[in-house]
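Asker: Residue numbers (the working numbering), protein chains in the order written: chain A, 5 to 111; chain B, 5 to 111.
Calculated from the structure, these hints are not laboratory results.
If you're wondering where the values come from, they're calculated on a predicted model, not measured in any experiment.
Check each hint, because a few of them may be wrong.
Same chains, same names: a pair is fine if it fits in one copy or spans any two.
[Stated by the list, open to error] Computed cross-link-like contacts, PhoX-like style, restricted to lysine-lysine with a CA-CA straight-line distance of at most 25 Å: (1) K91 with K80; (2) K37 with K91; (3) K8 with K91.
Number of protein chains: 2
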Amino acid sequence: MSSKWSVDVLLALGDGTRRYHELLEDLAPISEKVLTQTLRAMERDGLLIRRVHAEVPPRVEYALSSLGATMAPPLKALGSWSLTHGKRVEEARDRFDARAAARVRAA
Amino acid sequence: MSSKWSVDVLLALGDGTRRYHELLEDLAPISEKVLTQTLRAMERDGLLIRRVHAEVPPRVEYALSSLGATMAPPLKALGSWSLTHGKRVEEARDRFDARAAARVRAA
Numbered sequence: 005m006s007s008k009w010s011v012d013v014l015l016a017l018g019d020g021t022r023r024y025h026e027l028l029e030d031l032a033p034i035s036e037k038v039l040t041q042t043l044r045a046m047e048r049d050g051l052l053i054r055r056v057h058a059e060v061p062p063r064v065e066y067a068l069s070s071l072g073a074t075m076a077p078p079l080k081a082l083g084s085w086s087l088t089h090g091k092r093v094e095e096a097r098d099r100f101d102a103r104a105a106a107r108v109r110a111a
Numbered sequence: 005m006s007s008k009w010s011v012d013v014l015l016a017l018g019d020g021t022r023r024y025h026e027l028l029e030d031l032a033p034i035s036e037k038v039l040t041q042t043l044r045a046m047e048r049d050g051l052l053i054r055r056v057h058a059e060v061p062p063r064v065e066y067a068l069s070s071l072g073a074t075m076a077p078p079l080k081a082l083g084s085w086s087l088t089h090g091k092r093v094e095e096a097r098d099r100f101d102a103r104a105a106a107r108v109r110a111a
């Protein structure tokens with residue numbers, strides 16, 4: 005459960021049950037393949053519940069499990085850390101890359 | 005900064021400056037290649053500081069930057085979540101895999 009998308013799925017489901025295509029919109033620009041893999045891995049980890057309603061076409065809904073709900077607080081803390089500090093990380097990366105480029109030129 | 009090893013490096017450096025081979029021991033069974041890549045990525049993200057002391061052989065030390073230190077609380081919260089709930093995740097995975105295997109046999 006270490007992918008960025010899992011965090012976004014958990015936070016999206018924190019607002020309640022969602023259908024597949026709703027999650028696809030919530031998490032744009034995620035691809036269908038990655039969303040499907042992420043949901044399957046999270047279902048396997050017991051973090052979410054997948055309900056299939058026997059309609060035509062079948063309606064598939066996802067909801068946080070009780071285990072998934074316990075993960076929301078630490079994930080929200082990490083989410084707000086990245087909102088607060090994301091810019092400093094980007095600036096650090098720019099400085100690091102500039103130093104690396106300078107070393108290449110000097111070599 | 006989404007790898008499991010970055011979390012372990014941050015928590016290890018939370019106790020103070022460490023040298024490369026000390027981190028290699030702290031994080032066993034991490035490989036030298038993965039530790040080197042992880043440290044480089046985290047230095048690039050501005051989360052840690054790498055100091056090279058001009059000795060023979062050169063002494064290389066790693067320490068948390070001020071930015072890295074701000075990440076400790078949310079990471080510790082996530083770390084304690086996985087300590088508390090890790091077993092439930094494993095049990096969920098076993099159930100999921102058993103259901104998947106049963107479906108294969110029934111097919």
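Asker: Determine for every hint whether it applies to the structure shown.
Answerer: These are the hints, each one checked on the structure:
For the identical chains of this complex, K91 and K80 are neighbours both inside a copy (18 Å) and across copies (22 Å), given an alpha-carbon limit of 25 Å. In the homo-oligomer, the alpha carbons of K37 and K91 never lie at most 25 Å apart, since the shortest distance is 30 Å inside one protomer and 28 Å across protomers. Taking identical chains as interchangeable, the C-alpha atoms of K8 and K91 lie at most 25 Å apart whether they share a chain (17 Å) or sit on different chains (22 Å).
Consistency note: the structure conflicts with earlier hint 2 alone.
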